[in-house]
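**Q** Now for the letters of each chain:
2 protein chains.
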Amino acid sequence: MAALFDKVCIAGIGLIGSSLARVVKRDGLAAVVTVLDTNPTHCAQAVELGIADTGGADVAEAVGGADLVVFCTPVGAYAELAAAMAPHLRAGAIVSDVGSVKMAAIRDIGPLLPEGVHFIPGHPIAGTEHSGPAAGFAELFEGRWCILTPPPGADEAALAKVRALWEATGSMIEVMEPAHHDRVLAITSHLPHLIAYTIVGTATDLEGTLQQEVIKFSASGFRDFTRIAASDPVMWRDIFLNNKEAVLDVLQRFTEDLTAMQRAIRWGEGDKLQEVFTRTRAIRRSIIDARQA
Amino acid sequence: MAALFDKVCIAGIGLIGSSLARVVKRDGLAAVVTVLDTNPTHCAQAVELGIADTGGADVAEAVGGADLVVFCTPVGAYAELAAAMAPHLRAGAIVSDVGSVKMAAIRDIGPLLPEGVHFIPGHPIAGTEHSGPAAGFAELFEGRWCILTPPPGADEAALAKVRALWEATGSMIEVMEPAHHDRVLAITSHLPHLIAYTIVGTATDLEGTLQQEVIKFSASGFRDFTRIAASDPVMWRDIFLNNKEAVLDVLQRFTEDLTAMQRAIRWGEGDKLQEVFTRTRAIRRSIIDARQA
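Protein chains in written order, with the working numbering: chain A, 7 to 299; chain B, 7 to 299.
Among these hints, one or two may not hold up.
One copy or two, it doesn't matter: identical chains are merged, so the pair holds either way.
As the list claims (entries may be wrong) - Simulated pairs of lysine-lysine, DSSO-like, Cα-Cα distance not exceeding 27 Å:
hint : residue 1 : residue 2
1    : 167       : 31
2    : 278       : 250
3    : 31        : 250
I should point out that these hints are in silico values taken from the structure, not numbers from a laboratory.
The task is simple: from the sequences and hints, build the whole structure.
**A** In structure tokens form, the structure reads like this:
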């Protein structure tokens, strides 16, 4: 594939950033890849792994001359980073991100970018419970969705370039309103993570012996939650703080449903339980059919 | 391995029953394996698959002459089945089960067994979200735990035989008090399943378009819950009805913790969220170290 960009700057070289850098390098999508990260070990690791040409914490150096800058940090770091970056962005540059909350990205990055810089927020629906540059891999995005939420009147050429980048990763592209994205993700991602973190937290509060047994016999359901609850703590803290309304709204629905289940158990209403347990099987079938299982 | 039994009767030829039958056949642990099941298709399938010699719904025929009968039905079927079986059990026979609630097994089977029949309840901590005889496989129990909860004064020779059977499956054996088993499983298995069923149920209540998007973008966390929520509905209904106290107790703890998380999100208490999210990572590490991941 021909190079899409002269210089790509990946800001934050974790699981997603390093996976994206791997694709850019693999497919020769940019002449130069540079990493902007405050962690010098991770910068060195990225260069060593051959997924970046240079890396460091100097904002001016990292974004200077870049025609694409992708925010891959926790969402909570966006505003400060955008402010630091703004004076050094070249005219016509594209700024994008991979964060799980699009309204916050638009709120925190958009207003700080200088005239002539194009902002195309994005969110690849992919990940693992592992963190850091060594955890990334080029195939992470294959067959997964990448949602783009361009603001009204976004530059068409810039949008096309970001789209081409994600298509190169093997993703399927969906364009969506940012508020709608945040509501969908609150259900499919944020609430499941909150619940997994909570139940694993409940287990860590158990007295010593019982906790050892929970670990020993975790294959009966619990361990699937621990995988989800091993995701990056700072990234997830920022997601909940920045998608508060949508998360609290679906959490309220979930709590009502859980209370109904609790009541059905207490009063021995087996038919109610069975009805819900039967209904949920169909959703699994749909996910398998949609090849997202 | 030498045959441990003359005739083994598997009562209920689902995922667990058929997996156990496969091991018995593979290792020649019994001269004859017979299936007792009200579903004639499943009986025929078991014989066809070569994992049983005979199969049918006639209780007298199935358990007559058996020196081991293993209940592999939903827990709610135990009492009726035990009553039907009792007159036909031979003296010295061993009765066991694989259910997820041991107090209920002891309550529902124990008192109905005639003098001279040995009851050794068991619970292999293994499974998948698939059901039925075709879903089973001999390796299901390998490296997993099997918990035995023999009543006080249980026959040592009978216990040794049941232990030998599960050791042949590749399981590690743990002997436990039944009430303690039910409390541990309420945390590691019953609560996670209840929560997974509930969240997937919450999603099925969403309006049409949103539900389609939940399926499409499920790779972001939700799909892991749908796998768990695809487990057998009747089996799970019976588990909740029969381990009510322990489930309601851990559910109460979970609800308190979830409310605390909700409050931390509402008030923007990022440090509290991060503290929990960091703590839960350690549990994942322990499960990987215990080789149950």
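**Q** Work down the list of hints and note, for each, if the structure agrees.
**A** Evaluated hints:
1. 167 to 31: Answer is within: at 16 Å inside a copy they meet the 27 Å cutoff, but 60 Å across does not.
2. 278 to 250: between (32 Å within a copy, 15 Å between copies)
3. 31 to 250: Result: close neither inside a copy nor across copies, 36 Å intra and 56 Å inter.
Violated hint: 3 only; the structure is consistent with all others.
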